[in-house]
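All chains should be built: construct the whole structure from the sequences, respecting the hints.
Numbering (the numbering used here), first residue to last: -16 to 40.
Possibly wrong hints are sitting among the right ones.
As the list claims (entries may be wrong) - Beta-carbon label-pair distances, calculated as ranges:
no. : residue 1 : residue 2 : range
1   : Glu36     : Arg(-6)   : 29 to 37 Å
2   : Arg(-6)   : Ile34     : 27 to 35 Å
3   : Ser38     : Pro(-5)   : 32 to 40 Å
4   : His14     : Phe39     : 31 to 39 Å
5   : Gln16     : Glu36     : 26 to 34 Å
6   : Gly15     : Lys(-8)   : 20 to 28 Å
7   : Ser(-4)   : Phe39     : 30 to 38 Å
8   : Gly15     : Glu36     : 31 to 39 Å
9   : Asn24     : Lys3      : 16 to 24 Å
10  : His1      : Asn24     : 16 to 24 Å
11  : Phe39     : Arg(-6)   : 33 to 41 Å
Honestly, the hints are just simulated from the structure, not real lab data.
Quick reminder that beta carbons are idealized off the backbone N, C-alpha and C, glycines included.
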Amino acid sequence: MAAFSCWGKPRPSHVAAHGKTFDVVKGMYSHGQWVKPGQLNYCRCGSKAIIDETSFL
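Laid out in structure tokens, this is it:
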């Protein structure tokens, strides 16, 4: 799950991505490219893993 940082002036696309799930390997599609939280210059976004415990049954 993506989470944006509220420090400074967050980009509107990063605020829009807040709380959305994405593939950890691919990242999230934004501005014509696949990026991962914190990858872009001056980006302070982060992520949190969501584990589906039922997949282990």
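Hints and how they fare:
Checked against the hint of 29 to 37 Å, the C-beta distance between Glu36 and Arg(-6) comes to roughly 33 Å, which is consistent with it. Between Arg(-6) and Ile34 the beta carbon distance is about 28 Å. The supplied range of 27 to 35 Å therefore holds. The beta-carbon spacing between Ser38 and Pro(-5), approximately 34 Å, falls within the hinted interval of 32 to 40 Å. In this structure the supplied range 31 to 39 Å holds for His14 paired with Phe39, their Cβ-Cβ distance being about 36 Å.
Between Gln16 and Glu36 the beta carbon distance is about 33 Å. The supplied range of 26 to 34 Å therefore holds. Distance hint check for Gly15 and Lys(-8): the Cβ-Cβ separation is about 21 Å, which falls inside the suggested range of 20 to 28 Å. For the pair Ser(-4) and Phe39, the supplied restraint of 30 to 38 Å holds, since their beta-carbon distance comes to about 34 Å. Between Gly15 and Glu36 the beta carbon distance is about 35 Å. The supplied range of 31 to 39 Å therefore holds.
Roughly 21 Å separates the CB atoms of Asn24 and Lys3, a value that falls within the hinted 16 to 24 Å. The given range of 16 to 24 Å is respected by His1 and Asn24, whose C-beta atoms sit roughly 19 Å from each other. As the Cβ distance of Phe39 to Arg(-6) is approximately 36 Å, the hint placing it in 33 to 41 Å holds.
Of the numbered hints stated above, none is contradicted by the structure.
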